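One line per chain: the protein sequences are A and B, in this order. Oh and the first sequence: position 143 is 143 in this note's numbering, straight run, nothing missing. Oh and the second sequence: position 3 is 3 in this note's numbering, straight run, nothing missing.
Because the hints were derived from the structure by calculation, they are not lab data. Treat the numbers as computed from the prediction; the structure is a model and nothing was measured. Check the hints yourself; a few may be wrong.
For the chain A half of the interface with chain B, some residues (derived, Cβ under 7 Å), not all of them [claimed, not checked]:
#, residue
1, R26
2, R27
3, G31
4, G45
5, L46
6, V70
7, A136
8, A184
9, L190
10, T191
Label-pair distances were calculated between CB atoms; the ranges are [said to hold, decoys possible]:
#, chain 1, residue 1, chain 2, residue 2, range
11, B, I175, A, R104, 41 to 51 Å
12, A, D145, B, P30, 30 to 40 Å
13, A, T176, B, A163, 53 to 63 Å
Over the 10 Å line for every Cβ pair with chain A, so calculated as not near, a few chain B residues [claimed, not checked]:
#, residue
14, D3
15, G18
16, S25
17, E27
18, D122
19, P124
20, A126
21, P131
22, V146
23, M149
24, S171
25, I175
Heads up, the beta-carbon is just placed ideally off N, CA and C, and yes, glycines get one too.
As a plain string of letters, each chain reads:
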Amino acid sequence: MLSEGVNLAPPPAPSLAEASDGLLARRAADGDARAFEVLLRRHLGLMTAYAVRLTSSKHDASDAVQEASVAIWRELPNLTTPDTVRGWMMRIVSRKAFDLMRARKPSDDIDDEAVSARLPVDDHGDPARIAQTDDAMAGLRRALDRLPPLQRQSWILREVGGESYGEIAEHLGITTTAARGQLARARETLTTEMEAWR
Amino acid sequence: MSDETVTLERLADYLDSGRIPYDPSIEEVPENAGQLAVLQRLRALSSRLVADEGTQESLADPSWFGGVMERVRREARSGRDIPLVSSDLQSTLHLTEGAVRGLIREAGDSVPGAVVISCGLDGPLAEPGAPIHVEVTISALRGIFVPAMADEVREAVATRLLAQTELVVDSVDVIVGDVHQLGGGAA
Numbered sequence: 001m002l003s004e005g006v007n008l009a010p011p012p013a014p015s016l017a018e019a020s021d022g023l024l025a026r027r028a029a030d031g032d033a034r035a036f037e038v039l040l041r042r043h044l045g046l047m048t049a050y051a052v053r054l055t056s057s058k059h060d061a062s063d064a065v066q067e068a069s070v071a072i073w074r075e076l077p078n079l080t081t082p083d084t085v086r087g088w089m090m091r092i093v094s095r096k097a098f099d100l101m102r103a104r105k106p107s108d109d110i111d112d113e114a115v116s117a118r119l120p121v122d123d124h125g126d127p128a129r130i131a132q133t134d135d136a137m138a139g140l141r142r143a144l145d146r147l148p149p150l151q152r153q154s155w156i157l158r159e160v161g162g163e164s165y166g167e168i169a170e171h172l173g174i175t176t177t178a179a180r181g182q183l184a185r186a187r188e189t190l191t192t193e194m195e196a197w198r
Numbered sequence: 001m002s003d004e005t006v007t008l009e010r011l012a013d014y015l016d017s018g019r020i021p022y023d024p025s026i027e028e029v030p031e032n033a034g035q036l037a038v039l040q041r042l043r044a045l046s047s048r049l050v051a052d053e054g055t056q057e058s059l060a061d062p063s064w065f066g067g068v069m070e071r072v073r074r075e076a077r078s079g080r081d082i083p084l085v086s087s088d089l090q091s092t093l094h095l096t097e098g099a100v101r102g103l104i105r106e107a108g109d110s111v112p113g114a115v116v117i118s119c120g121l122d123g124p125l126a127e128p129g130a131p132i133h134v135e136v137t138i139s140a141l142r143g144i145f146v147p148a149m150a151d152e153v154r155e156a157v158a159t160r161l162l163a164q165t166e167l168v169v170d171s172v173d174v175i176v177g178d179v180h181q182l183g184g185g186a187a
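Looking at chain B on its own, in the form it has when it is part of the complex (with noise of 0.2 Å):
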């Protein structure tokens, strides 16, 4: 061991910080330069390791995966309740802000080049009859065109809630949050 030898801990420090700033001291110097060859290996074949193990496990069973589900859905945020007027349950019958945000999705999804990313109702939703505004963020495909597209999207919106809701849509605004390609996720 030289005295020009620094410690692995300062290695593993140095590759941390991506190798910024150059450090002559460790680059220009044969056993530490190796040194920290040998550790960016041994760290790529850990991440390597954990994910090949991951491919390899039996993707949970259904039951283990149902069960996840089950918990998942028993916590659903549903938000808000909206009130059904017009059933003669009124005291009880409503659907929930998540089913109708659910529903908001479903028209969003619909329209070619569109995936609903997040969705909000401003008004006073409990409030039979009053004027609500649908806030829509989409993910546009890459190359369509964006505005004939969001025309689309507050169309299917607007139709979709009114065919299976009483809320009465003052305004739907789309907005394109993002722009995605397809089979390979965010551009």
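Bound conformation, chain A alone (with noise of 0.2 Å):
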């Protein structure tokens, strides 16, 4: 008890809920959890959203992001450039996402064109109906839930992510020529289907 005996927290500074995302990295790499609590606490809508789009699983999601936090918290003290510490918390929560996935099946060789094969057959809401409700983003929405897992995550990894090929390879187990390959399937998809919103 004693070397946390005296109790020295004291409450939040009001400071702090106005501070830089890089001043708050930087004072929670120093040790400061509090600093710590805040950063988190306005970003984690931005990395449950982008870890549920990545593992499809509001539970899986809400895991991978409760590991990424501790993850973030015990790195914070090696991230060099604390400025941009909100991408490279996204991440951290994507390496933690597909962690989690791959635990959870580790037998499971991914083939690509056999998952693509299991979804169901294309069920397109009418592309003039889309454009008459003038919502580009619920068309997007319904096309990315519409293609095969691997080019969803490849695009979502690189489009809101800012991952590089490599980074892709690695979280999805597949070479940076497989990686490339997804991007560009999805992305012809993707702008075929916009068009067709217009």
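Mind docking these for me? Both chains are given alone in their own frames, and the hints should help you get the complex.
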């Protein structure tokens, strides 16, 4: 008890709520759990939504974000560019999301064509109607949901997470060339569908 | 598809490069420029989609968040132990370096216009009575008169450590590492 015995934790300083990500990251790296808490709360929604998009499961996303949060705290002292902490946090989220998915199905060797083949047959919403609703976002959401998992994950990792082809390949357990291929197909499908929304 | 049409992959790489250097075979061929715009819009929409979904995420129930923070605190980087000589239980009673850093942050933050970024303790902390040197890096509110504020921070930190620890503080250096503005993070 004694080493922790003197309770020195003050109530949250109001200034932290307004502090920049970079400041919070540096302060958290210096051991301030409260600064970490502010930083985490600020980005938790985005981290969770990103994990949901990658895992297609709220439950897995919640577990992945929890693991990521602890890893972020642990690894913050090694972050050399605190001002880019948000992107770095998102990378840890994706790493943990794929660690989790791999752990869930250790023997399931992902065959990418087989994955696509298992998907339900294309059930396109009527493009004209989508255009009418003029809701490109809803259109994109539906189009993403229809993509085969590897394509969808590659797209999200690349366009939302800003990850490199090499990183994407590592997450998905495929070669860099295959990752490029997945992205090319996702791009092809999404641009075609997007033209239909206009 | 005309001969001048380039692949989507090339368009994506071109976007990745920030459209630099300017590529007339893309920018000046209507088909390509059109596809480039589509791709650009898709990217923006994808980020927005996840950001929007993020704002709709019911922000973690308190027990989930509490669980995370509990694990974080369990892994607190408490640093070196600093013995408290004046106690009767001197063999066991000590402050951690992490707790002292907490005091320094609290003291520094109490000065209007200052937010502590990090701090360092230099010297033989485990040796009672040995003089130590404290370095505090702060972010200063834009527009504030920095020398006076730095003095206040120095004073506040020294006073707090004198009052709540047995450390013999030889000097406190204040470094202004950053400038911030209210409501807008780093300037």
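Margin query: The hint names A:R26 as touching chain B; please verify it with the least Cβ-Cβ distance against 7 Å.
Written below: holds (5 Å)
Check: Should the hint that A:T191 touches chain B count as held when the rule is a Cβ pair under 7 Å?
Finding: holds (5 Å)
Margin query: Please verify that the nearest CB of chain A lies beyond 10 Å from B:G18's CB.
Written below: holds (13 Å)
Note to self: Does B:A126 clear chain A by more than 10 Å, comparing its Cβ with all Cβ atoms of that chain?
What the structure shows: holds (13 Å)
Notebook entry, point to check: Does the claim that B:V146 lies outside the interface with chain A hold up, using a Cβ gap greater than 10 Å?
Noted result: Fine: 17 Å to the nearest Cβ keeps B:V146 off the interface.
Notebook entry, point to check: Does the no-contact call for B:M149 survive, Cβ to all of chain A over 10 Å?
Noted result: holds (13 Å)
Next item on the list: With 41 to 51 Å as the target window, see if B:I175 and A:R104 comply at their CB atoms.
Entry: Holds, since B:I175 and A:R104 (Cβ atoms, about 48 Å apart) stay within the stated range.
Check: Does the interface hint hold: is A:V70 within less than 7 Å of chain B, judged Cβ to Cβ?
Finding: holds (5 Å)
Checklist line | Interface hint for A:A136, Cβ within 7 Å of any Cβ on chain B | finding: holds (6 Å)
Checklist line | Distance restraint evaluation - A:D145, B:P30, Cβ atoms, bounds 30 to 40 Å | finding: holds (32 Å)
Checklist line | Status of the A:A184 interface restraint (C-beta, 7 Å, chain B) | finding: holds (5 Å)
Check: Holds or violated: A:G45 as interface residue toward chain B, Cβ cutoff 7 Å?
Finding: Holds - the Cβ of A:G45 comes within 7 Å of chain B, reaching about 4 Å at its closest.
Every hint, counting from the list given before, is met by this structure.
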